[in-house]
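Per my numbering, residue 1 is the first one in the sequence shown, and the count goes up by one each step.
No lab work stands behind these hints: they were computed from the structure. In this text, all values refer to a predicted model and were calculated from it rather than measured experimentally. Check the hints yourself; a few may be wrong.
Stated by the list, open to error - In the DSS-like style, the derived pairs of lysine-lysine whose C-alpha atoms are separated by at most 25 Å in a straight line are: (1) K229 <-> K207; (2) K256 <-> K204; (3) K133 <-> K168; (4) K229 <-> K256; (5) K159 <-> K221; (6) K34 <-> K19; (7) K168 <-> K229; (8) K229 <-> K19; (9) K207 <-> K256; (10) K133 <-> K5; (11) K159 <-> K133; (12) K19 <-> K5; (13) K221 <-> K168; (14) K5 <-> K168; (15) K437 <-> K419; (16) K34 <-> K5; (17) K256 <-> K34; (18) K419 <-> K345.
To be verified - Label pairs and their in silico Cβ distance ranges: (19) K419 <-> S263: 31 to 41 Å; (20) E457 <-> S401: 46 to 56 Å; (21) A438 <-> G322: 28 to 38 Å; (22) S449 <-> K34: 33 to 43 Å; (23) S263 <-> L62: 26 to 36 Å; (24) I65 <-> G399: 45 to 55 Å.
A virtual CB, placed ideally from N, CA and C, is assigned to each residue, including glycine.
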Amino acid sequence: MAKTKTAYVCEACGYESSKWLGRCPACNQWNTFKEFTVAASPARTTASARPGISSAPRPQRLCEIDATAEQRIDTGDAEFNRVLGGGIVPGSLVLLGGEPGIGKSTLLLQTILQMRQASILYVSGEESERQIKLRADRMLQQPEAGHEPLLYCESNIDKVLEYAATLKPTLLVIDSIQTMASEMVESSPGSVTQIRECTSMLLKFAKQCGVAVLLIGHITKEGNIAGPKILEHIVDCVLQFEGDRHYMYRILRGIKNRFGSTSEIGIYEMLSTGLRPVANPSEMLLSQNNGEFSGIAISAAMEGVRPFLIETQALVSSAAYGTPQRSATGFDLRRLNMLLAVLEKRVGFKLGAKDVFLNIAGGIRVTDPAMDLSVIAAVLSSNVDTPIEQGTSMAGECGLSGEIRPVTRITQRIAEARKLGFRRFLLPEQNMHGIDKAQYPGIELVPVSRVEQALREIFG
């Protein structure tokens with residue numbers, strides 16, 4: 001019979017101590033140590049003895065290792081493949097996090113329903129088979145005959161791995177890792193010890209059996225994935241599924257990816273039948289009558305390495321209650337205050353006694369500094385109540401001295417604006433080096449170096 005021992009584990013970071021401490025020496029949090037009774041080490045012995053899991057590998061020289069390109073599993077979803085770097089790598093461990101109700105389970109379920117020629121085991125610790133079946137019927141997607149995914153509603157990780165080692169699926173989906181528990185650890189599901197132990201067992205299974213594992217993870221009220229931080233360190237890929245429930249758009253963002261770039265994003269539209277991948281988000285984020293109203297400017301922004309055009313809306317009015325208000329939705333409020341200070345100091349526009357409201361249309365939140373030029377243009381357009389000429393787009397970062405600084409990937413921004421029919425594009429003067437205007441027929445490139453010069457080009 002295995003001996004047991006008592007350990008104290010910090011619920012915030014997973015630091016383990018042999019005695020109780022008031023303050024964690026790792027994360028400096030107070031009163032986070034909880035007592036757990038754990039086994040000496042039978043979990044590792046049991047995992048290594050399971051059928052289908054090989055013994056420890058031997059050391060290899062670097063020249064002996066095969067470095068050919070990884071064979072990836074096609075998910076059938078172009079947006080999901082893009083974020084993963086081309087598909088799921090066999091033997092990898094992928095963690096998908098997001099707020100409750102944002103669509104994590106829906107995304108993975110519709111993904112496995114459209115995967116062809118792949119054996120899939122879907123393990124749910126939160127829902128019954130009937131609930132999963134009802135959601136699948138709502139999506140109106142029928143998997144290929146003979147390749148339907150297997151559903152297994154179980155929260156015991158030992159039974160899950162035993163069944164998976166016998167079945168040897170191509171893909172194992174765990175919904176969610178916080179509901180899994182091992183009999184070798186005497187603590188409740190969702191605790192730091194259980195999450196750490198279950199993830200370690202899944203990692204060992206994935207690497208030794210070559211089975212790709214997709215985990216769904218809950219997040220805390222601060223927006224971090226629940227459990228110890230080591231959870232994000234040991235997995236191969238961390239994906240964040242984000243968006244506003246009041247809007248139809250969702251963004252799949254790669255935070256960590258050992259097999260690809262973390263600069264890619266996937267955009268989805270939430271429908272009653274599931275999530276629809278959005279191939280061209282620019283056409284959906286732009287209204288068709290923006291040239292008729294003041295306070296609207298179009299910016300060519302970048303999310304990772306993907307360009308798309310965003311509609312920036314601003315409203316400037318006299319302060320009704322004496323104290324001017326500053327509000328920004330989808331944009332950093334502190335950066336908005338900085339841009340208003342630049343307008344007042346360098347250009348001479350007096351906005352100190354006026355309310356300024358800024359909104360990024362579509363519920364998208366952007367952090368690209370190239371949005372500065374469109375924010376300034378939208379604010380001044382609303383202030384003078386003059387619409388910006390239709391067919392004009394722009395990109396540029398604004399410095400504190402009023403200069404327009406160069407931005408990255410300017411050629412992709414210009415190409416996206418030209419593809420959508422824009423006839424005029426304002427860009428930083430330093431970005432014109434190496435750009436041949438003949439490569440972009442049908443669109444006029446207007447270089448600007450100062451804020452006041454850009455305003456003259458926009459408003460005449």
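Right, here's what the structure says about each hint:
This hinted pair checks out: K229 and K207 have alpha carbons roughly 21 Å apart, not beyond 25 Å. With a C-alpha separation of about 19 Å, the suggested pair K256 and K204 falls inside the 25 Å cut-off, and the hint holds. The hinted pair formed by K133 and K168 meets the criterion: a straight-line CA distance of about 23 Å does not exceed 25 Å. The straight-line distance between the Cα atoms of K229 and K256 is roughly 13 Å, inside the 25 Å bound, and the hint therefore holds.
A threshold of 25 Å between alpha carbons decides the hint, and for K159 with K221 the separation of about 31 Å lies outside it, so the pair is violated. Pair hint K34 plus K19 holds up; C-alpha atoms about 10 Å apart against a cutoff of 25 Å. Of the supplied pair hints, the one linking K168 and K229 is violated, its CA atoms being roughly 29 Å apart against a limit of 25 Å. For the proposed pair K229 and K19, the alpha carbon gap of about 22 Å is at most 25 Å, so the pair holds.
Taking the CA atoms of K207 and K256, the gap is near 18 Å; set against the 25 Å cutoff, the hint holds. A hinted pair counts as satisfied when its Cα atoms are at most 25 Å apart, and K133 with K5 does not qualify at roughly 43 Å. Between the alpha carbons of K159 and K133 the distance comes to roughly 22 Å, so the proposed pair stays at or under 25 Å and holds. With a CA separation close to 11 Å, the supplied pair K19 and K5 stays within the 25 Å bound.
Between K221 and K168 the alpha-carbon distance is near 37 Å, which puts this suggested pair outside the 25 Å criterion. Taken as a hint, the K5 and K168 pair is broken in the structure, with Cα atoms around 34 Å apart against an allowance of 25 Å. Only pairs whose Cα atoms come within 25 Å are accepted, and K437 paired with K419 is accepted, the gap being roughly 15 Å. Between K34 and K5 the alpha-carbon distance is near 14 Å, which keeps this suggested pair within the 25 Å criterion.
Only pairs whose Cα atoms come within 25 Å are accepted, and K256 paired with K34 is rejected, the gap being roughly 30 Å. For the suggested pair K419 and K345, the alpha carbons sit about 37 Å apart, so the restraint of at most 25 Å is broken. The given range of 31 to 41 Å is broken by K419 and S263, whose C-beta atoms sit roughly 20 Å from each other. At roughly 19 Å, the beta-carbon separation of E457 and S401 lies outside the given 46 to 56 Å, and the hint is violated.
For A438 and G322, the Cβ-Cβ distance of about 55 Å falls outside the hinted range of 28 to 38 Å, so the restraint is violated. The supplied range of 33 to 43 Å is broken by S449 and K34, whose beta-carbon atoms lie about 60 Å from each other. Our hint of 26 to 36 Å for S263 and L62 holds, since their Cβ atoms are close to 28 Å apart. As the Cβ distance of I65 to G399 is approximately 48 Å, the hint placing it in 45 to 55 Å holds.
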